[in-house]
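Peer 1: These are the residues of each chain, in order.
There are 2 protein chains.
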Amino acid sequence: MADQDDDRTLRTAIERLRVKPGSDLVLSKRATDDDFGMTKDEALERLAETRSRIDVLQQRLYAESRRSVLLVVQAMDAAGKDGTIRNVLTGLNPAGIRVASFKAPAGPEAQHDYLWRVHQVCPSRGEIVVFNRSHYEDVLVVRVKSFVPEDVWRRRYGHIRHFEELLGDEGTTVVKVFLHVSKDEQARRFQERLDDPEKRWKFRAGDLDDRALWSEFQSAYEDAINETSTADAPWYVVPADSNSRRNMAVGEILRATLERLDPQIPEPEAGLDGVKVV
Amino acid sequence: MADQDDDRTLRTAIERLRVKPGSDLVLSKRATDDDFGMTKDEALERLAETRSRIDVLQQRLYAESRRSVLLVVQAMDAAGKDGTIRNVLTGLNPAGIRVASFKAPAGPEAQHDYLWRVHQVCPSRGEIVVFNRSHYEDVLVVRVKSFVPEDVWRRRYGHIRHFEELLGDEGTTVVKVFLHVSKDEQARRFQERLDDPEKRWKFRAGDLDDRALWSEFQSAYEDAINETSTADAPWYVVPADSNSRRNMAVGEILRATLERLDPQIPEPEAGLDGVKVV
Numbered sequence: 300m301a302d303q304d305d306d307r308t309l310r311t312a313i314e315r316l317r318v319k320p321g322s323d324l325v326l327s328k329r330a331t332d333d334d335f336g337m338t339k340d341e342a343l344e345r346l347a348e349t350r351s352r353i354d355v356l357q358q359r360l361y362a363e364s365r366r367s368v369l370l371v372v373q374a375m376d377a378a379g380k381d382g383t384i385r386n387v388l389t390g391l392n393p394a395g396i397r398v399a400s401f402k403a404p405a406g407p408e409a410q411h412d413y414l415w416r417v418h419q420v421c422p423s424r425g426e427i428v429v430f431n432r433s434h435y436e437d438v439l440v441v442r443v444k445s446f447v448p449e450d451v452w453r454r455r456y457g458h459i460r461h462f463e464e465l466l467g468d469e470g471t472t473v474v475k476v477f478l479h480v481s482k483d484e485q486a487r488r489f490q491e492r493l494d495d496p497e498k499r500w501k502f503r504a505g506d507l508d509d510r511a512l513w514s515e516f517q518s519a520y521e522d523a524i525n526e527t528s529t530a531d532a533p534w535y536v537v538p539a540d541s542n543s544r545r546n547m548a549v550g551e552i553l554r555a556t557l558e559r560l561d562p563q564i565p566e567p568e569a570g571l572d573g574v575k576v577v
Numbered sequence: 300m301a302d303q304d305d306d307r308t309l310r311t312a313i314e315r316l317r318v319k320p321g322s323d324l325v326l327s328k329r330a331t332d333d334d335f336g337m338t339k340d341e342a343l344e345r346l347a348e349t350r351s352r353i354d355v356l357q358q359r360l361y362a363e364s365r366r367s368v369l370l371v372v373q374a375m376d377a378a379g380k381d382g383t384i385r386n387v388l389t390g391l392n393p394a395g396i397r398v399a400s401f402k403a404p405a406g407p408e409a410q411h412d413y414l415w416r417v418h419q420v421c422p423s424r425g426e427i428v429v430f431n432r433s434h435y436e437d438v439l440v441v442r443v444k445s446f447v448p449e450d451v452w453r454r455r456y457g458h459i460r461h462f463e464e465l466l467g468d469e470g471t472t473v474v475k476v477f478l479h480v481s482k483d484e485q486a487r488r489f490q491e492r493l494d495d496p497e498k499r500w501k502f503r504a505g506d507l508d509d510r511a512l513w514s515e516f517q518s519a520y521e522d523a524i525n526e527t528s529t530a531d532a533p534w535y536v537v538p539a540d541s542n543s544r545r546n547m548a549v550g551e552i553l554r555a556t557l558e559r560l561d562p563q564i565p566e567p568e569a570g571l572d573g574v575k576v577v
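Going line by line, the protein sequences match chains A and B. The working numbering applies: residue 300 is where the first sequence begins, and numbers increase by one. The working numbering applies: residue 300 is where the second sequence begins, and numbers increase by one.
FYI, nobody ran anything at the bench for these hints, they're computed from the structure. Incorrect hints may have been included.
No copy labels: a pair is met if it fits in one copy or bridges any two.
Result set (DMTMM-like, lysine to aspartate or glutamate): computed pairs, CA atoms no more than 20 Å apart in a straight line [stated by the list, open to error]:
hint : residue 1 : residue 2
1    : K575      : D508
2    : K402      : E568
3    : K501      : E363
4    : K501      : D572
5    : K328      : D483
6    : K501      : E426
7    : K482      : D376
8    : K575      : D376
9    : K319      : E464
10   : K402      : E436
11   : K339      : D302
12   : K444      : D412
13   : K575      : E491
14   : K498      : E568
15   : K575      : E484
16   : K328      : E521
17   : K498      : D376
18   : K482      : D509
19   : K501      : E566
20   : K575      : D495
21   : K501      : E484
22   : K575      : E497
23   : K498      : D354
Go ahead and model the full structure; you've got the sequences and the hints to work with.
Peer 2: Now the structure itself:
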């Protein structure tokens with residue numbers, strides 16, 4: 300992928316994954332299996348290049364210590380949240396990267412508004428933070444399973460837009476990816492986990508209950524994405540049936556985000572010219 | 300380093316870096332330039348192997364989600380804290396690794412006891428956390444610069460032993476490394492930072508003030524290490540004049556810690572035999 304035209308074509312394809320504000324996303328019209336015209340090996344090679352580039356940009360972001368990046372990762376089960384995070388971020392300096400994973404709120408988390416625990420683990424200056432699940436669960440599973448009434452979860456879209464606007468205004472670039480897997484591919488992956496003794500511990504009988512609510516979850520995702528994909532905190536719908544292309548695409552999105560920020564190594568202290576250490 | 304004898308010899312050499320309780324460490328008698336009988340390339344190759352092994356053990360620790368590891372990294376300036384952390388941890392899954400960096404306490408941090416902010420960022424179950432500086436600064440720089448009176452910092456050795464005992468009892472294995480650099484090597488590295496326009500931003504004139512207090516810092520390190528190197532939360536004095544051997548040695552220490560823990564993939568849920576996903 301040294302070719303400039305290929306690079307431009309790929310960037311355009313990735314940019315098409317973005318959900319433009321007001322565009323009324325319909326998930327069933329979005330591909331789950333786009334290969335971006337790449338073989339698996341080409342996708343792996345491209346991701347390796349992208350990681351090197353992200354590494355350089357991350358070091359600058361960390362040295363600059365002025366701005367930060369928040370990447371939100373959401374998906375149905377088995378779409379590959381863990382695998383994506385591992386493959387895109389492995390190789391970066393752990394001092395500048397942090398992954399925050401959200402489970403069902405418990406203890407003090409459950410005694411506060413749903414953004415309280417999220418706010419606490421937002422990136423500090425210079426950091427890239429990845430959310431494995433996020434505050435979006437509070438308009439997804441919470442809605443589908445009726446944990447709160449509709450008038451409560453409906454107001455949350457506004458909270459979330461405002462919260463992410465605050466983050467953006469104060470120096471944190473927010474970007475969000477939905478890993479879009481097909482229902483058939485999910486079945487295949489669940490069955491693989493069940494049938495492989497090394498992987499079975501990852502499977503919970505409850506995973507099948509969520510699968511039974513597939514269309515309700517898809518609707519909840521559509522609404523959440525349509526309501527919160529803003530110019531400054533966009534959602535990308537990433538085809539996730541192929542692991543290699545999914546990882547490649549998420550790498551591209553993170554890289555493009557960092558390139559737009561264009562972080563700079565800070566100026567040295569004044570008065571250091573000619574200093575000799577004794 | 301496929302040879303079993305070489306492996307045993309190295310493990311023994313690494314184990315000799317440990318400060319046994321009651322052994323009365325004298326830093327000037329500890330090497331800063333031990334090469335462990337390895338060339339630079341051999342050290343790099345060994346670290347690459349070690350990282351792969353740590354990766355496997357980390358995945359098990361994360362899957363097990365029952366215990367955790369805290370690696371404390373302390374050193375004089377330019378001994379290579381950042382470089383060590385980067386080189387030992389890069390390549391691991393960022394979802395199971397976290398680096399906590401401590402600067403001078405400010406705001407609410409300064410309004411609590413010195414272990415308050417430290418406790419908050421200790422590892423959760425399944426995590427490996429690395430402290431870049433730590434609560435030890437509260438018996439090091441705080442002592443050398445007389446930020447608190449002697450009767451205050453002297454009591455802290457006991458607090459720290461008890462705090463680390465709590466962590467150990469509750470499932471967190473604590474291991475601590477002091478990156479031991481010579482005063483000459485520090486001078487060489489400072490000068491290099493000053494002379495290289497790409498690195499100069501890392502240098503602060505205040506770094507020279509700390510260098511002027513070299514022997515006071517060495518004494519403070521000796522006392523802190525002697526007072527807190529316990530059987531369950533040991534200190535290792537790692538020769539740090541060579542970056543490649545330093546990184547290799549810290550990798551060995553982390554690997555050996557994880558091997559002793561021997562984390563296990565959990566058992567799958569019962570009742571999943573023969574389940575078919577539809």
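Peer 1: State for each hint whether it applies.
Peer 2: Checked hints:
no.: 1; hint: K575 <-> D508; in the structure: between (68 Å within a copy, 13 Å between copies)
no.: 2; hint: K402 <-> E568; in the structure: between (44 Å within a copy, 19 Å between copies)
no.: 3; hint: K501 <-> E363; in the structure: between (39 Å within a copy, 11 Å between copies)
no.: 4; hint: K501 <-> D572; in the structure: between (58 Å within a copy, 14 Å between copies)
no.: 5; hint: K328 <-> D483; in the structure: within (16 Å within a copy, 65 Å between copies)
no.: 6; hint: K501 <-> E426; in the structure: between (30 Å within a copy, 18 Å between copies)
no.: 7; hint: K482 <-> D376; in the structure: within (10 Å within a copy, 54 Å between copies)
no.: 8; hint: K575 <-> D376; in the structure: between (59 Å within a copy, 16 Å between copies)
no.: 9; hint: K319 <-> E464; in the structure: within (16 Å within a copy, 54 Å between copies)
no.: 10; hint: K402 <-> E436; in the structure: within (9 Å within a copy, 34 Å between copies)
no.: 11; hint: K339 <-> D302; in the structure: within (18 Å within a copy, 37 Å between copies)
no.: 12; hint: K444 <-> D412; in the structure: within (18 Å within a copy, 43 Å between copies)
no.: 13; hint: K575 <-> E491; in the structure: between (63 Å within a copy, 10 Å between copies)
no.: 14; hint: K498 <-> E568; in the structure: between (53 Å within a copy, 11 Å between copies)
no.: 15; hint: K575 <-> E484; in the structure: between (63 Å within a copy, 14 Å between copies)
no.: 16; hint: K328 <-> E521; in the structure: within (11 Å within a copy, 66 Å between copies)
no.: 17; hint: K498 <-> D376; in the structure: within (14 Å within a copy, 45 Å between copies)
no.: 18; hint: K482 <-> D509; in the structure: within (12 Å within a copy, 61 Å between copies)
no.: 19; hint: K501 <-> E566; in the structure: between (48 Å within a copy, 9 Å between copies)
no.: 20; hint: K575 <-> D495; in the structure: between (63 Å within a copy, 13 Å between copies)
no.: 21; hint: K501 <-> E484; in the structure: within (17 Å within a copy, 49 Å between copies)
no.: 22; hint: K575 <-> E497; in the structure: between (59 Å within a copy, 17 Å between copies)
no.: 23; hint: K498 <-> D354; in the structure: between (31 Å within a copy, 17 Å between copies)
The structure fails none of the hints (numbered hints given earlier).
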